[in-house]
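Based on the sequences and whatever the hints tell you, model everything.
In case you want the letters, here they are:
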Amino acid sequence: MKYMDEFRNPEVADKISSLIRKEAEGLGSVKFMEVCGTHTMAVERFGIRSGLPGNISLISGPGCPVCVTPKDYIDKAIALAGLKDIIIVSFGDMLKVPGTSSSLLKEKAKGRVKIVYSPLDALELAEKNKDKKIVFLGIGFETTAPAVAAAIKCAKNKKLKNFFVYSGHKVMPPAMRLLAKDRLINIRGFLCPAHVSAIIGFKPYADISRKYGIACVISGFEPLDILQSILMLLRQVISGKAKVENQYMRVVKPSGNSKAQRLIYEVFSPKDSDWRGLGIIAKSGLALSKKYADFDIENNINMPEVKTSIDKRCICGSVLKGIKTPLECALFSKKCTPLNPQGACMVSSEGTCSAYYRYKR
Amino acid sequence: MKKITLAHGSGGKLMQDLIKGLFIKNLDNPFLGKLGDAAIIKYGVRELAYTTDSFVVKPLFFPGGDIGKLSICGTVNDLAVSGAVPKYLSCGMIVEDGFSYSDLERITISIKNVCETAGVSVVAGDFKVVEKNSVDGIFINTSGIGEVLRDSDVSIPRIKPGDKIIISGTIGEHAASILLAREDLKFKARISSDCAPLNGLVSSIICRDIKFMRDPTRGGVATTLNEISLSSGYDIAIEEAAIPIKKSVRTLCEILGFDPLYMANEGKLIAIVSKNSAANILSKMKKHALGKNAGIIGEVRKDRDKKVYLKTHSGGARILEMSVGEQLPRIC
Numbered sequence: 001m002k003y004m005d006e007f008r009n010p011e012v013a014d015k016i017s018s019l020i021r022k023e024a025e026g027l028g029s030v031k032f033m034e035v036c037g038t039h040t041m042a043v044e045r046f047g048i049r050s051g052l053p054g055n056i057s058l059i060s061g062p063g064c065p066v067c068v069t070p071k072d073y074i075d076k077a078i079a080l081a082g083l084k085d086i087i088i089v090s091f092g093d094m095l096k097v098p099g100t101s102s103s104l105l106k107e108k109a110k111g112r113v114k115i116v117y118s119p120l121d122a123l124e125l126a127e128k129n130k131d132k133k134i135v136f137l138g139i140g141f142e143t144t145a146p147a148v149a150a151a152i153k154c155a156k157n158k159k160l161k162n163f164f165v166y167s168g169h170k171v172m173p174p175a176m177r178l179l180a181k182d183r184l185i186n187i188r189g190f191l192c193p194a195h196v197s198a199i200i201g202f203k204p205y206a207d208i209s210r211k212y213g214i215a216c217v218i219s220g221f222e223p224l225d226i227l228q229s230i231l232m233l234l235r236q237v238i239s240g241k242a243k244v245e246n247q248y249m250r251v252v253k254p255s256g257n258s259k260a261q262r263l264i265y266e267v268f269s270p271k272d273s274d275w276r277g278l279g280i281i282a283k284s285g286l287a288l289s290k291k292y293a294d295f296d297i298e299n300n301i302n303m304p305e306v307k308t309s310i311d312k313r314c315i316c317g318s319v320l321k322g323i324k325t326p327l328e329c330a331l332f333s334k335k336c337t338p339l340n341p342q343g344a345c346m347v348s349s350e351g352t353c354s355a356y357y358r359y360k361r
Numbered sequence: 001m002k003k004i005t006l007a008h009g010s011g012g013k014l015m016q017d018l019i020k021g022l023f024i025k026n027l028d029n030p031f032l033g034k035l036g037d038a039a040i041i042k043y044g045v046r047e048l049a050y051t052t053d054s055f056v057v058k059p060l061f062f063p064g065g066d067i068g069k070l071s072i073c074g075t076v077n078d079l080a081v082s083g084a085v086p087k088y089l090s091c092g093m094i095v096e097d098g099f100s101y102s103d104l105e106r107i108t109i110s111i112k113n114v115c116e117t118a119g120v121s122v123v124a125g126d127f128k129v130v131e132k133n134s135v136d137g138i139f140i141n142t143s144g145i146g147e148v149l150r151d152s153d154v155s156i157p158r159i160k161p162g163d164k165i166i167i168s169g170t171i172g173e174h175a176a177s178i179l180l181a182r183e184d185l186k187f188k189a190r191i192s193s194d195c196a197p198l199n200g201l202v203s204s205i206i207c208r209d210i211k212f213m214r215d216p217t218r219g220g221v222a223t224t225l226n227e228i229s230l231s232s233g234y235d236i237a238i239e240e241a242a243i244p245i246k247k248s249v250r251t252l253c254e255i256l257g258f259d260p261l262y263m264a265n266e267g268k269l270i271a272i273v274s275k276n277s278a279a280n281i282l283s284k285m286k287k288h289a290l291g292k293n294a295g296i297i298g299e300v301r302k303d304r305d306k307k308v309y310l311k312t313h314s315g316g317a318r319i320l321e322m323s324v325g326e327q328l329p330r331i332c
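Protein sequences appear in the order of chains W and V.
Everything in the first sequence is counted per the numbering used here, starting at 1 for the first residue and increasing by one.
Everything in the second sequence is counted per the numbering used here, starting at 1 for the first residue and increasing by one.
Please keep in mind that the hints were generated in silico from the structure rather than gathered at the bench.
Hints may be right or wrong, so weigh each one.
Pairs of lysine to aspartate or glutamate residues, derived as DMTMM-like cross-links and limited to a Cα-Cα distance of at most 25 Å, are as follows [said to hold, decoys possible]:
| no. | chain 1 | residue 1 | chain 2 | residue 2 |
| --- | --- | --- | --- | --- |
| 1 | V | Lys246 | W | Glu44 |
| 2 | W | Lys335 | V | Glu321 |
| 3 | V | Lys58 | W | Glu124 |
| 4 | W | Lys110 | V | Glu321 |
| 5 | W | Lys253 | V | Glu254 |
| 6 | W | Lys108 | V | Asp303 |
| 7 | W | Lys110 | W | Glu124 |
In structure tokens:
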């Protein structure tokens, strides 16, 4: 199958893996972070780690949008779903994440939550249900933000009065800079997100490699993409010259997608944002801009008050950064399990805590 | 307060917990406790297999089948993989007020047709109408009795290291067809459900070298293999490259971020067979229309960690978990 089988060829994968093993020999331990959730997923799914030498570790970054969405946001979304005349519309994987006392999946059982595959489907729901307020949960990075922005623009053109967005959108570079700065983590290279880079281009990574000496390789999602990118990162580390390289040339262009960038910053404006596990990061979130404030649910109703309880013992922040292991957490495998996750690293099936729960207990 | 959620019904870990913690706890007996697809009951010198299943599919009609066909195939297949020839079925329908007569007729005729194909008869029935919205259109329950084949000896304790694992055909089509048929997904591809009675296929291959069979319905191949590994105590290793899958299903899964190994099948079986007879059983299976895409996908290992390992397409390895809930499309 074009663009699938070619990038999963086991012989080529084996060749790259042996090159990685050979070149990494005697290097000491090297930590790379795959930033994007889909990379984490692919690393797990294709068993990439099983082919890497022991001194190269891949740690999973904050790139799963669902995992880094704070509990408070989920509690508010659940509370919104309980309001008369409101239908919550969301991407599917958001539904699993538990809030303080319920989850959107449980609310879905009551018929107040609908899953869509595109923000435009939410728009269609709004047109069909004029007596209801359709609230779309805007979650995701620069990849999904343009599509949501397009839906909002479209709603404005159609003069829809019952379509709203609850924006939890985030942008990637500020979080990467925060992790790069943290000397405790000691990341030597970033496997930069593929689709995010397709939108934002190379520029945002330039100062990460220059200022912090961290190798950056924009990587595709297939096994050969990821293995080649790890080899490219490794070669940068060996040469001692950190730079931004693009492995995913078939999709990512240096300047990114300027049309999508314009769309994002027409409809949204930057705001400080809370990341589960990392805390509040300045200018890392996207709120609806003044011009589109009519579509911002927070601007149009009195948002329900929620009491979010967060167990202070959760050490997800440190686990996410690779400073501590889940076994050092008081909640791990007791109060915090894949079926009842407390922190970001247990929420995603590929999160570090979830993986530890399955394999290393 | 504890509540039952959709995830409790999706065939994964939550459902296992519910079965053990509630149903077995209260209703246990030597038949139920085996947790087989069907209970095997001694009746004189013969053995009878008995099973039941309920069907709540949405939409009611989908490419490749409908709730009627599904309700017969489900029970027929549970009997077939227990090594029995399905004979007599009961069929209970709960229908909401206002349900279309022609739809009910269409479902009934579909039941008739698949009963003819499978060589079974509906010999008892029940019909209830409830207030509108009390059920989603129509729910169907069937139960069935079959006679255990003389050449059959399928049971978990017979599984031993070295045994081969055969799948009877391409995976994931039922779940994919239902996904596509729900109107919220606007893909142009058309994928037909694999919904089919498996008793003919089973009769064509049954022999004592087949040690165990199960149809990988809810939770898919991954969950079924985990159940087999858990109850036999042995590890299982399978190869992704050996698993038959249609291009259309694979593409759909890639787009949505679904794993076809967790997608439901309604016309496939997994057989655990002795190593030496695997090739022979496979070639018999391939001669049957429902087994032409069959393949050996892996084997039972001697290690007893009760884990299922997958060797991936690109040569990596990973543990294949039991599903823990519904698969949902990923954002990113």
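**Q.** Broken hints, by number
**A.** 4, 6
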